[in-house]
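Peer 1: Chain order of the listed sequences is F and C. Counting with the working numbering, you get residues 1 to 637 for the letters of the first sequence. Counting with the working numbering, you get residues 638 to 698 for the letters of the second sequence.
Hints in this document: simulated from the structure, not taken from any laboratory. Each hint should be verified, as a subset may be incorrect.
Claimed, not checked - Listed next, the in silico PhoX-like pairs over lysine-lysine satisfying Cα-Cα at most 25 Å (straight line): (1) F:K231 to C:K663; (2) C:K671 to F:K587; (3) C:K661 to F:K231; (4) F:K566 to F:K594; (5) F:K523 to F:K231.
Okay, here's what each chain looks like letter by letter:
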Amino acid sequence: MPLRSKIAIIDLSNNKITKEPIPERMRRLYLGGRGIGAHLIYNHVEPKTDPLGPGNALVISAGFLTGTVAPAASRTHIGCKSPLTNGFGSSNVGGFLGPELKFAGFEHLVIKGASPKPVYLWVHDGEIEIKDASCLWGKDTFETPQIIREELDDEEIKVACIGLAGENLVKLANFRTGPKNSAGRTGTGCIAGSKRLKAIAVRGHQDLKLACPKEALQYAKEAVDQIMSTKVAKAMGVDGTSFIWNVTNTSGLLEFYNGQVNKLENWRGLTIEAFEKYRAGMAGCFNCTVHCRHQFRIQDGPWAGTFGEGPEYNTQTSLGSFGADNWETLLVGWHLANKYGIDTTGWSNDVRGVMELYQRGIIDKEVTGGLDLSWSNANQLIPILLEQTAKKEGLGAILAEGSLGIIRELSKYSKDVEYYILHVKGLGKLGNVDRAQPSFALGIATSTRGADHLRSRPALDHFHLPEDVLRKLYGGNVSSDFRSYEGKARMVRWHELTYAVVDCLGTCKFQTVFFSPHLPAYKEWRKYLRYITGLEFSEEELFDIGERVYTLERMFNYREAGYTRKDDRIPERCIREPLKYGLPAIKGAHIDRKKFNKMLDEYYELHGWDSEGLPLPETLKRLELDKEPSHLIQKID
Amino acid sequence: MRKQERDNILRCLNCFERMEIPSKAKQFTCPKCKMEYYIGWRDGQAKILGSVDVDVDKEGG
Numbered sequence: 001m002p003l004r005s006k007i008a009i010i011d012l013s014n015n016k017i018t019k020e021p022i023p024e025r026m027r028r029l030y031l032g033g034r035g036i037g038a039h040l041i042y043n044h045v046e047p048k049t050d051p052l053g054p055g056n057a058l059v060i061s062a063g064f065l066t067g068t069v070a071p072a073a074s075r076t077h078i079g080c081k082s083p084l085t086n087g088f089g090s091s092n093v094g095g096f097l098g099p100e101l102k103f104a105g106f107e108h109l110v111i112k113g114a115s116p117k118p119v120y121l122w123v124h125d126g127e128i129e130i131k132d133a134s135c136l137w138g139k140d141t142f143e144t145p146q147i148i149r150e151e152l153d154d155e156e157i158k159v160a161c162i163g164l165a166g167e168n169l170v171k172l173a174n175f176r177t178g179p180k181n182s183a184g185r186t187g188t189g190c191i192a193g194s195k196r197l198k199a200i201a202v203r204g205h206q207d208l209k210l211a212c213p214k215e216a217l218q219y220a221k222e223a224v225d226q227i228m229s230t231k232v233a234k235a236m237g238v239d240g241t242s243f244i245w246n247v248t249n250t251s252g253l254l255e256f257y258n259g260q261v262n263k264l265e266n267w268r269g270l271t272i273e274a275f276e277k278y279r280a281g282m283a284g285c286f287n288c289t290v291h292c293r294h295q296f297r298i299q300d301g302p303w304a305g306t307f308g309e310g311p312e313y314n315t316q317t318s319l320g321s322f323g324a325d326n327w328e329t330l331l332v333g334w335h336l337a338n339k340y341g342i343d344t345t346g347w348s349n350d351v352r353g354v355m356e357l358y359q360r361g362i363i364d365k366e367v368t369g370g371l372d373l374s375w376s377n378a379n380q381l382i383p384i385l386l387e388q389t390a391k392k393e394g395l396g397a398i399l400a401e402g403s404l405g406i407i408r409e410l411s412k413y414s415k416d417v418e419y420y421i422l423h424v425k426g427l428g429k430l431g432n433v434d435r436a437q438p439s440f441a442l443g444i445a446t447s448t449r450g451a452d453h454l455r456s457r458p459a460l461d462h463f464h465l466p467e468d469v470l471r472k473l474y475g476g477n478v479s480s481d482f483r484s485y486e487g488k489a490r491m492v493r494w495h496e497l498t499y500a501v502v503d504c505l506g507t508c509k510f511q512t513v514f515f516s517p518h519l520p521a522y523k524e525w526r527k528y529l530r531y532i533t534g535l536e537f538s539e540e541e542l543f544d545i546g547e548r549v550y551t552l553e554r555m556f557n558y559r560e561a562g563y564t565r566k567d568d569r570i571p572e573r574c575i576r577e578p579l580k581y582g583l584p585a586i587k588g589a590h591i592d593r594k595k596f597n598k599m600l601d602e603y604y605e606l607h608g609w610d611s612e613g614l615p616l617p618e619t620l621k622r623l624e625l626d627k628e629p630s631h632l633i634q635k636i637d
Numbered sequence: 638m639r640k641q642e643r644d645n646i647l648r649c650l651n652c653f654e655r656m657e658i659p660s661k662a663k664q665f666t667c668p669k670c671k672m673e674y675y676i677g678w679r680d681g682q683a684k685i686l687g688s689v690d691v692d693v694d695k696e697g698g
């Protein structure tokens, strides 16, 4: 049963492996996935440890429902203390790794210590072995899985691995789990590299016995029908998440040249329609009926024959924000970032910032190693800078340190450097507009992993839903105007707690209320849990779990990095510079500092936090967090 | 099961008015705010490709 999956604690310093069951009480408080993962990170990361030291822990967590019949239950959460933010490192990834981990009998792997030599983990049917990875060190993320499959003689082995960037301790390094799938954000690949952990290989044959198999299958069918009846699922099945790009670009909700402008003349080369000549098919993650993963092939030119999966909307907005005017530049950049194992979102954000420093004459060719960082050179610069970053060569040695490292290194040239490197808590932001929508701005400001759209972004805010519908959904008054501040603290809190629940369950966020009020949410999740696990949860209990997880992550950020209200900020550009272009409803928009602060006060109050954003004692007690750390750890072995 | 929205109905991105797009139309003007859009079609589903007359950055940077 899903309830029998175990936690394995692997200490790479002394090759010790212990296995523990997951107590039901832990389930009731944290469900699984990101929730139990957060609890394990809070308890296993040594307080105030150097993120790159052996005191850090890398925690791989499959969702509670991952690997079961629940639609799109494919997700895995990877967490640690982040080398970029010094706070909660957290990244969510689809594909097939998490389900295989469950079939192998495990839900969470807690990887501690550091190995003196390169190793990989071989996880199979209840067993875990630490194997030599000397011959894998230096291999890219496409070669590594294939070599492991050949060595272990099983083509069905699922592999998560790091590339050159992770090995070289590039802080933007990701953990890759498939042709398209990356646990991209917060530098999880860098932490794997610091532990000399090249890969995790998983194969399992154990059944996940369901509590009520007949009802579970029947309900899964109903849920799939529900999902596939929405327009958004149809659009994603055809255009992937890139279906969003035309809408945001048309509106003027994409940032180019580091947020200096929000609409380009040459936009037609980056539409999903222009992608057609590269399209090679669509693929899906485990148990997904939508299939939003593009496959592409470059047919001619110097990169002819390059094949891969993706890209997504995120890649379009990130690698497409330098002023590149064609898909080939994006696809080559995407391919190389994947090969080296680099987060395209954070990397693109930082490169945009450095290019603006060059544009403004704050840095010159002496700093860039002779490179001309003019925006018009974007097509040529992307491959060069990705390689330099992975190898920490030339300008790449500075880019490899992430937003905070770049600010530290380049502030000697001007005190204005921090203004142009856009980040929140050290994490670079997606290349879309956050200053026209107060809810989006609040979301990136308060996200527990730094600037990010997948922590709490209320995409529904752009749907202009009737206010009675919003009141019913959010439990209070919320304006249907995305430019309004009214009720948006309530809206953001609801979404961040709801997405936390989704990440605990391990289903795909894009097949939930993220994109449409008609997609599954609490009512449906209760049924999944009942039929699949046999556990009953009320909607309120699930919401409380989301709040518990979010608050625990907040506590971790305070413990490790001292993050408080001063850090719940947005880049100054979002406040000082109104948008220059876009539809009449967008043009001129910017965030009002006073109204933003009032919204932040409301947000803290709804959470039960004080004016500095720290949980009040009664809030910790209500959420049963007053005894963290270690109140649930039960040493079994 | 809820009633499905027709594939030729789009919302204006500027004023959120529902717009019923005639089959195979390549451009459409919002009846309420007069914003004009380029329209594309895939599998019978209409989608907005871009706006016709909105300021853009022509210089870069």
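Peer 1: Which earlier hints turn out false for this structure, listed by number in ascending order?
Peer 2: none
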